[in-house]
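Whenever a hint applies, use it, and build me the whole structure from the sequences.
6 protein chains.
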Amino acid sequence: MTQTVQKPFKRILLTGAAGGLGKVLRDRVKPWAEVVRLSDVAGMGEARAGEEIVKCDLADKAAVLALMEGVDVVLHFGGISTEAPFEAIMQANILGVANLYEAVNKAGVKRVVFASSNHAIGYYRTTDTVDASMPTRPDSMYGISKCFGESMSRYYYDRFGIETVCIRIGSSFPEPINKRMMTTYFSYDDLVEMLRCSLFAPRVGHTIIMGQSDNASTWWDNRYASHLGYKAKDSSAKFAHLFPDSAGYPERDDVTTIYQGGKFLLDGPQYR
Amino acid sequence: MTQTVQKPFKRILLTGAAGGLGKVLRDRVKPWAEVVRLSDVAGMGEARAGEEIVKCDLADKAAVLALMEGVDVVLHFGGISTEAPFEAIMQANILGVANLYEAVNKAGVKRVVFASSNHAIGYYRTTDTVDASMPTRPDSMYGISKCFGESMSRYYYDRFGIETVCIRIGSSFPEPINKRMMTTYFSYDDLVEMLRCSLFAPRVGHTIIMGQSDNASTWWDNRYASHLGYKAKDSSAKFAHLFPDSAGYPERDDVTTIYQGGKFLLDGPQYR
Amino acid sequence: MTQTVQKPFKRILLTGAAGGLGKVLRDRVKPWAEVVRLSDVAGMGEARAGEEIVKCDLADKAAVLALMEGVDVVLHFGGISTEAPFEAIMQANILGVANLYEAVNKAGVKRVVFASSNHAIGYYRTTDTVDASMPTRPDSMYGISKCFGESMSRYYYDRFGIETVCIRIGSSFPEPINKRMMTTYFSYDDLVEMLRCSLFAPRVGHTIIMGQSDNASTWWDNRYASHLGYKAKDSSAKFAHLFPDSAGYPERDDVTTIYQGGKFLLDGPQYR
Amino acid sequence: MTQTVQKPFKRILLTGAAGGLGKVLRDRVKPWAEVVRLSDVAGMGEARAGEEIVKCDLADKAAVLALMEGVDVVLHFGGISTEAPFEAIMQANILGVANLYEAVNKAGVKRVVFASSNHAIGYYRTTDTVDASMPTRPDSMYGISKCFGESMSRYYYDRFGIETVCIRIGSSFPEPINKRMMTTYFSYDDLVEMLRCSLFAPRVGHTIIMGQSDNASTWWDNRYASHLGYKAKDSSAKFAHLFPDSAGYPERDDVTTIYQGGKFLLDGPQYR
Amino acid sequence: MTQTVQKPFKRILLTGAAGGLGKVLRDRVKPWAEVVRLSDVAGMGEARAGEEIVKCDLADKAAVLALMEGVDVVLHFGGISTEAPFEAIMQANILGVANLYEAVNKAGVKRVVFASSNHAIGYYRTTDTVDASMPTRPDSMYGISKCFGESMSRYYYDRFGIETVCIRIGSSFPEPINKRMMTTYFSYDDLVEMLRCSLFAPRVGHTIIMGQSDNASTWWDNRYASHLGYKAKDSSAKFAHLFPDSAGYPERDDVTTIYQGGKFLLDGPQYR
Amino acid sequence: MTQTVQKPFKRILLTGAAGGLGKVLRDRVKPWAEVVRLSDVAGMGEARAGEEIVKCDLADKAAVLALMEGVDVVLHFGGISTEAPFEAIMQANILGVANLYEAVNKAGVKRVVFASSNHAIGYYRTTDTVDASMPTRPDSMYGISKCFGESMSRYYYDRFGIETVCIRIGSSFPEPINKRMMTTYFSYDDLVEMLRCSLFAPRVGHTIIMGQSDNASTWWDNRYASHLGYKAKDSSAKFAHLFPDSAGYPERDDVTTIYQGGKFLLDGPQYR
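Chains as they are written, first to last, in the UniProt record's numbering: chain A, 1 to 272; chain B, 1 to 272; chain C, 1 to 272; chain D, 1 to 272; chain E, 1 to 272; chain F, 1 to 272.
No lab work stands behind these hints, which were simulated from the structure alone.
A couple of the hints might just be wrong.
When chains are identical, the list treats them as one kind, so a pair holds in a single copy or across two.
Unchecked claim - Once the Cα atoms are required to be at most 27 Å apart in a straight line, the calculated DSSO-like pairs of lysine-lysine come out as:
(1) 231 <-> 179
(2) 23 <-> 179
(3) 238 <-> 263
(4) 61 <-> 110
(5) 179 <-> 30
(6) 23 <-> 7
(7) 179 <-> 7
(8) 30 <-> 110
(9) 179 <-> 110
(10) 233 <-> 179
No experiment lies behind these values; they were computed from the predicted model shown.
Following this line, the structure appears as structure tokens:
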């Protein structure tokens, strides 16, 4: 007779399940809930064991309200995850977030993990050390939408006590693909560990944490999130051979290295 | 033979000209520009001497682009100025601001004064002292939209050097109409003086300033805006007789006095 | 027919009514309450109109509980107000304050103004600028007892919501009697005004404010008490003629001028 | 022929030797002194080799003066270590500490390690990060008495140069017995190491340090005590299996998880 | 029979007496000392009543040692006061200051007022608010030499207790001669008052204060110098008519308005 | 056939190559450049493979200009590295640094690593925690000259974008030779690693970093240099046996243990 280990949550909602990180997380979140409800505007294939598939446009309030039924906690990875025209950003990342929190409130969801981004602070310099007490400095329409999400979640905590952990994700890829990512690298395993901490810490209030592995170089100090208990296990150091020491300094006016946001500094609106 | 004194600007755009403060400002900004272009979704009556009247919905990008033609500087008082459903706020205050800055950038406008609000920080306590280095704490959908405007203007300054002064307006009324306003009072004359400072300081970068008179009690410290040169001339002290000393302390759980935002704490979304 | 102006409070308790400042305040607090209950261990003479006289040792818990019956708010000026052996300080200022707050809690008193002292921070240097966010640095057994009172009142606010304003009184005398007091002077009128602000501000939470007039020189920054609305009307400047400019610098090791506490630095326990 | 290794101190006084931590330390401090003088109000059994047993009520000044004869350094673990009525706390923890420092001063003792407590800051939130520069926020009569001890020791350092390390002890138990202790765990070995650092660092001035192991989650930042050289060797991580991930979030108004002090938030005085 | 009012000091040394501010101060410091010793490398004309004239090159150590004989306090306005080649700056402002403090130490002079400059912090932005706790950001060889003087005087205070007030002089001219000076204006009367405060405050330690009048616009916060008791009596506001409101914003890359140092940003070494 | 690995730089200049650390670095920097140009006033022996030897007095501007020809980056370890009379310090460390940066600018050198010193902050207490945002507190003429170098390099960065990393070197010796060095120890390997990080980080701007290994005890917090990616591999812990725990506390007025600078506190100018 097999013993069934009880999973902590009955139902986790993972939005953006068809996106880059959504795919990574799809299997990894399973140990935490009896059912993982997966949501996206794009196709997510067939539901596997322990999954529910709900295609949903976050800009559609009624759909989002329905999506939230029976959900305990939300991992909000939905929306646009790169620079785009404002109107598109607004539908997915602004109206989407507003709808999400309205639904969260109505459905009695207790906690949200919000995939914010380092682009909410991308206009700090690469020689600055940023912590969660400092004002945002978005580097793009995308970054502005992440600031918006942080504001909205702050409001829902102050007003209704709904807790959110905002993870300002660095570069969550299999490995760094440029030198900047040696600093911003956030391994999948560390991302999953940060999600675990965010879901299971007894109290998180409204916490902002930078999503990063234990890289040698960092721009971000997580001192105000120490209650989460997150300890990175990975480091970009193991990829050091990919970027050997080089004297090829960037040009003095190369904004992609002056500011933390990297290439986002060149995207989006152009001067006049 | 009369001498014509040259006015500093050729054309100022005043958005929200049909609103409460818009009406107050309509005449008062005239000394600063040959032409004051007035804009609103509501009717503004006939154009008077030195005025241009342009009815314009800020959510209509093409209209906003047209509105900005030939404009030197903008006083952005348009949009919704009280708590409202998010969808309405989004059109007027979020899409509206995005359109405005896109137009500002395209038209080569040099500086914007943005009517932000104390409701961007309304969830600080009435015993807190807030300055511009501290994170926002919006108290409403309206407050969140003002945080958004501050983010958007910060971006346009970091990216393109377009300067903005964000005035977090307190209570700009003829006189305080409740005890809270003894602290938040911002006389019309002081508002006009702050606009003058904001328009004529040689450099403002991206400045956040709390809009208040020199009241005895204050929650807001403008130390980071001292370069603007604003000195309040009024004080709520002259209205002290309206609110005599009283032992009628608010209830311990009265959020409208625990937090700075006052009655906004009761408006907007409700719990479940 | 005379009209009776309603006074804000029904009953104020003034402890330490026979002390130096107690005598000053005895008449001045009358406009704020129908009845002023005066308390001290020393004699206070006859009760005048609108007064109740209650001789009470603050170290006697039962007496303090009785003293608090029917009281709206407390001005706590009782206890020892100068350096003394610890045992005496403990009875009057430590047990006394503990009894006071226990009684305040039991009687449902809503607010206390606690006469703390600059000697709670007397070991800061006379070249330091101290504000309420900085740790205490007591200069005497007396100063330590004032730190204790601030801790106790903080606790009662955090635990029960009972509000206290801790006034770290500088030098409240008719006029400065030494050069140090040109910096620490706190006129009687300004003291009364600070009490008024402390009693009638809608919310005070747990506020620490330095009790000082608008002197030219100051060691204390009241930025975190700006919500109280206190504006000093006096300044020690009018006594400048008493202390003409002098080249008589203090000795390098004169602790009474190195540290803010002045002569308290020489009182109390001695080395071995 | 055996060589006798010289021990650093001639005599260490350990107060509270019959208490929970006192018993733990009794043997462990032996390597540091020729003689360990043990003191308590309760029985401590027979003196073993290298021990002196002195029964002593800390509220008895004459006894404490006698107790201090010939002592080099003090580990002050005496007094009440849990919430209790104020009068009892006052005798043991307030008068006791005052007597202790008077005796320390008279006996020429050079350094004290004072067992302060996390309950001196127990009213910070479990999402706050606290360091030694921040004001105390006691959560109990007990916590207030620890604030008092910190004030008293600060005074003796400022006045006489007597050095103290105040250790705000977290939860020093064999293992965490509730989830809160996963954050506040302070292993016996780490406690002993912190005592060692406190005793043997060349200069400690007046240092405040949070007593904690290297737990994953922490509320306390010891950046201002980095000169002590303390490095935790243990972590509560090894007990993680005792508290598996759980979705059982505490109630929104559960003060024992909102504030750092835990169950102390429910002890002590009650409302009215 | 005339009564002679005793002057506070026996002898003040004013270096740089032939310079712009030296000439202004020559008569104004007389009330403070029986004798004013005037020093410069340039001619100072005939000694008047109460004056001693000593021509002295500050780079000549023996001469500076002799100059200091019998001096109570020093007003150090000597050296080069504008941008110049480093070698010249080094002789006058670096070796000169080193010689001065060596002499001050040997002669037992008790206090120095050092004419530092806003150019020690000229690379802060014109939208920054600078106080004395922030690192220096010199804008020129001249500014670097002023940082050096601040370091040297800090050392002599820490090492020997010799007190110095470093006045970072703004623009001390009869009236503002460009718009920048509306912010940096420091009237002669206010300069003299600041000197008076610096000389006669009982303790100054090592104080850094920005030399400015009470102008509407300011970049500098003197909160850490509040113990000096300086209150400006003048303001640039009376010269507002000289710089009427203008829309002529500076170019975006005009460093003289981006940074506080103004035209110094264009002087000194050039790129390659 | 052997493959030649390309080295990152064509030519590194190492000044002070005959000094204590210069000798240590001579071989260790070779992997970073095709040619290492070695410079000193003292003899450096024969040039080995990949070396150029240039005897050069840094106070000789023409010589320094010539020295810089063809150099990519500079490791500036030249000058006097201990307390000395000011005139000598001035030639080597002040004029020397001024000449160096003038040459760096003229030669188009892109980055400098400047060997600053903990003696730039030696007058902080051994119980203080110092980071790069705090004002300097030099403990000697030598320390003042290091502050000067930091000012000069800051200027060249603000003015011309020439990047510098200022390493405030602790005690870089084979092993600690006194107890103080248990805190300040900076192993040769860690020094080399810090140089490597300083040379190869994409952007360093003007970074100040404390040069220390991962010692248990530290006075210095490198939080503002986290972008460099430096991780110490050594610790003084392995030398703990050299300094066994001891009760021999320093005297209360022993400045060499009160302040961080150690014995430098006794060198240099003497009182009168």
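Tested hints:
1. Taking the shortest alpha-carbon separations for residue 231 and residue 179, both the intra-copy value of 23 Å and the inter-copy value of 18 Å come in at or below 27 Å.
2. With identical chains, the CA atoms of residue 23 and residue 179 are at most 27 Å apart within one copy only, with a shortest distance of 25 Å there and 32 Å across copies.
3. With identical chains, the CA atoms of residue 238 and residue 263 are at most 27 Å apart within one copy only, with a shortest distance of 24 Å there and 42 Å across copies.
4. With identical chains, the CA atoms of residue 61 and residue 110 are at most 27 Å apart within one copy only, with a shortest distance of 19 Å there and 38 Å across copies.
5. When the C-alpha separation of residue 179 and residue 30 is checked against a cutoff of 27 Å, the pair qualifies only between copies, where the shortest distance is 24 Å, while the shortest distance within a copy is 33 Å.
6. Proximity of residue 23 to residue 7 under the C-alpha cut-off of 27 Å is restricted to the intra-copy arrangement: shortest distance 21 Å within a copy versus 41 Å between copies.
7. For the homomeric pair residue 179 and residue 7, the shortest alpha-carbon distance between copies (18 Å) is at most 27 Å, but the shortest distance inside one copy (40 Å) is not.
8. Taking the shortest alpha-carbon separations for residue 30 and residue 110, only the intra-copy value of 19 Å comes in at or below 27 Å, while the best inter-copy value is 52 Å.
9. Taking the shortest alpha-carbon separations for residue 179 and residue 110, only the inter-copy value of 19 Å comes in at or below 27 Å, while the best intra-copy value is 39 Å.
10. In this homomeric assembly, residue 233 and residue 179 come within 27 Å of each other (Cα to Cα) both inside a single copy, at 20 Å, and across copies, at 23 Å.
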